[in-house]
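If you want the building blocks of each chain, they are given just below.
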Amino acid sequence: MMPLQTGSLPTWTALGPALLFALTALVLFVVDSIDPDSDASGLLAGIATAGSLAAAAVSGWFLLAGTGMERTGGAIDLFGGQVIVDGMTLFFTFIFASVAALVTVASYDYLADHEYQAEFYSLTLLAATGMSMLAASNSLVTAFVSLELLSLPSYALVAFLKHNRGSVEAGLKYFLIGALSSSVMAYGISLVYAATGSLQFGAVAEAITGGGVLDSGILGVGVLMVVGGVAFKTASVPFHFWAPEAYEGAPAPISAFLSSASKAAGFVLAFRVFVVAFPLDAIVGTIDWALAFTVLALVTMTLGNFAAATQEKVKRMLAYSSIGHAGYALIGLAVLSGTTDGSFALGASMMHLLVYGFMNTGAFLFVALVEYWGVGRTFEDYNGLASQAPVACAAMTVFLFSLAGLPVGGGFFSKYALLAATAEAGAWLLALALIVNSALSLFYYSRVVKAMWIEEPSAGLEIDSYPTGLYAAVVVAAVVTFILLPAFNPVSSTAVEAAAALF
Amino acid sequence: MLIELLLAASLVAAAVVFFVPNEYAAKVATALSLVPVVGSLLMYFNFEGSGNALLAGAELGYETTMQWVTLGPYTLNYHVGVDGVSLPLIVLTTILTTLAMVSAWTPIDSRQSEFYGLVLFMEAALIGVFSALDFFLWFVFWEAVLVPMYLLIGIWGGPRRKYAAIKFFVYTNVASLVMFVGFFALVFGLGDSVTTLDLPAIAQALNAGELNALAGIDPATLKLVAFVALFAGFAVKVPVVPFHTWLPDAHVEAPTPVSVLLAGVLLKMGTYALLRFNFTMLPDVAVANAEIIAIFAVVSVIYGALLALAQQDLKRVVAYSSISSMGYVILGLVAFTPHGLGGATFQMVSHGLISGLMFMVVGVMYNETHTRMLGDMSGMADRMPVTAGVFVAAAFGYMGLPLMSGFAGEVLVFLGAFQSTAISAAPLFTGIAMFGIVIVAGYLLRAMQKTLFGPYRLETDYDIGRAPLQDVAPLVVLLLLVIALGVAPNLFYEMIGDAVAPMLSLGGGV
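Chains as they are written, first to last, in the working numbering: chain D, 521 to 1023; chain R, 274 to 783.
Okay, chain D solo, but in the shape it has when bound (with noise of 0.2 Å):
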């Protein structure tokens, strides 16, 4: 196939999703300024969910037709270089896309009589737009600003619920350690700049690789604290107190938001800075960034894991697995150093980023769901939830299976593209550890399924009203993470080739 922005289109258009997150943010603050007292929330919902699903659309379609892959002329660079698009780029906007369109078509029924509905919505699309640019960066000040952009809105976001103690309570806390890794971040940032003198992205690899490093001493504590900044947006340990709070305090629909597409967004950053800008052979002397990732997966799944076996409120057990998922993530980052060919460690991490874009956003659109029935938070709260609502319970049970790593959904095959990664670059203790979390987690996780199926329902629970909104993001969700396991194919090559053009 053509490649589009050589053929048919203009350039620029390779950042269509992006600009249309950002469109319909505006259109979004349009309508709601023309007549700021109506309550039509259903077409704020409407054009919310239409311009993340245009979006997803045009990401697809980009990615399809090959934009900015290898295989059609290579990545396209746009504004001098400070933004570049390629197949990571789209594979992730992809993800921020299709989680974004589930979350607002969720937030109809969730956001029922609350107030600040359009800024609600626009304040979605906005963090979108930001993370699709930092999907899009290829400089260290473009990532900041894409940073910036995506953490200002999840920070009002998370205190939307603004009469709840809970939210805005976790708003604070939220705002408070982003602000701080922003900053430590902006530090690193400088001082890399200091060592090497320049701020994009190959330029920075030029000058480690080409000598032109002033003080390596300066650039390894820099590159130490983009990786905190890194560890804080992807909510890995010890940059991760924030992340049970913020998830367990804000608005459901926002907690699947932030645990999906904000902490894939975190990853895309790193991938990109530290294959990119810091290539690992050329660094290694300086600073083993693979060793201390490494250190950080391992960490992060078992500690993660440890303390979700411990919650006794579903919501806050599945903010510390997503903790326990980051963990997973890390391993492309941390394998690197062992393969030879690397495109498939970080593809294997793309792969299970995806297939948790859908089955994680599920599992928190399904707690959504039983917040607005107002049954309770805690495991015993959602006893015999399945009498009143199969279907929704069919579809948790296969988010759970499949977030555990079992064969009911796309989960398996992520799971096991980390395991053979590990195993390619001999990290067998990474290997180890995945796989005694993941027999961990299944014991987490079946308990909600438990509770669901098995445990008798209290003598109130009554479930009068099937909101439209919520049930159907959440069986959407549900038939993507199931098909994802026929049909993985598409996603593990994308994932390969895209992550391919970065070495």
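Note that these hints are calculated values from the structure, not bench results.
Some hints here could point you the wrong way.
Unchecked claim - Chain R is faced by these chain D residues, among others (derived, beta-carbon under 10 Å):
{"id": "1", "residue": "Phe695"}
{"id": "2", "residue": "Ala699"}
{"id": "3", "residue": "Ser702"}
{"id": "4", "residue": "Gly737"}
{"id": "5", "residue": "Phe864"}
{"id": "6", "residue": "Gly867"}
{"id": "7", "residue": "Ala941"}
{"id": "8", "residue": "Gly946"}
{"id": "9", "residue": "Ala951"}
{"id": "10", "residue": "Ser966"}
{"id": "11", "residue": "Asn1009"}
{"id": "12", "residue": "Ser1013"}
For each residue, glycine too, the CB sits at the ideal point set by N, CA and C.
Mind docking chain R on chain D? Use the hints.
Chain R alone, transformed into the frame defined by chain D:
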């Protein structure tokens, strides 16, 4: 295409039944499950395969290969096909599923659509396990069996169902992970010579001695480690003593139709996988350690039978008896003789029928009396003559009465084990195992004597009479099948023998 039809028919049926209102679910599910039955019988009558699916020179029945997923260096295929070992087990699965569903009409009185939906889903997974020839596809089905089983025990089980369900789930899933690791030790050890997870390709590469060292472990040790991991993983499923403790819990708590499938088909997954993986892929390790495996087998036979002898709960008697019977299967496999391998496979089918039948008998008696305690029941033969008659016949089948399938299976296993040169003290092991038959007769006669004969003394405030036709009909059908296989073992034995014959030339076997 018949395998795909079977899989699709049961999956679609599962989805349909899930949405059918509860009051119609039982009949709709049973009717829909006839499609796989007919399909599997068509497969049986039109089967034109030969040889062993994993070994060179095999002509598989209904084979399909399609590229599925590329993951790094490996290509995963959708590869299914049947040989003489898997086809009988598929026929067993479809028939037993339908009969188990009929036997569920009476006892399952809540959330029927979910129940039958899960059973049909499990049927699809079981058919998949017995037909998949790519490791990943096979593993997908293998694990997919766990989820419905977990829910079936957990929702419709007895008083301690939650404990039993979790125990089953954790035990068998950990076993799967151990097995998974063992298998991948082999795959990574094969290195670049194998780029698919196709089971025949891997089996042939292993038998050609292409295994390399991995992570500093030399090939011989790697083989042994992988064998142990695989064996441990499958032994839990079989179950072999001492990995059996989940089984009585699961069986006692499970509702009757689920017990039927658990004993009838799920346990066969373990021995089937042992045959495919341990004994076909690593035959030299199996032969080199034949005595140790034979000890496991004989201990299972004797210990399981003794445990059955000590039980007061009729269902526990039947549950423990499975441990004993599956011990024969292991003994037959490790003997590595034509009769041993063939008899073991035949015994899988035969035990599936007979143990399913026994569990159904217990279920029917329980439906009427609401007790399973040997001490409470007495004189049931007068009140429910047909059920009692089937019970006696099934018990005789279990003991190995001629013209019943149990006889054919056990005789072949003993014959094969006795002639074995793989096991050095084969006559001794066989002799001890044969003594197990005596204990089997002991506990079955005891169970029959306590429940069926003697004066009627059960005190209930309702009248206990003949079981309804819908409860008895599946019993009679199963009994007829048991007799048919006993009279004419060649219905299956010929194709089984043909499929296991190529295994004999492997790994220094005889």
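Quick rundown of the hints versus the structure:
1. Phe695: 40 Å, violated
2. Ala699: Since chain R brings no Cβ nearer than about 40 Å to Ala699 (chain D), farther than 10 Å, the hint is violated.
3. Ser702: 36 Å, violated
4. Gly737: With a minimum Cβ separation of about 36 Å from chain R (threshold 10 Å), the hint on Gly737 (chain D) is violated.
5. Phe864: 4 Å, holds
6. Gly867: Status holds, d = 8 Å.
7. Ala941: Holds - the Cβ of Ala941 (chain D) comes within 10 Å of chain R, reaching about 7 Å at its closest.
8. Gly946: The hint holds - Gly946 (chain D) has a Cβ within 10 Å of chain R, the shortest such distance being about 7 Å.
9. Ala951: 9 Å, holds
10. Ser966: Holds - the Cβ of Ser966 (chain D) comes within 10 Å of chain R, reaching about 6 Å at its closest.
11. Asn1009: Status holds, d = 5 Å.
12. Ser1013: 6 Å, holds
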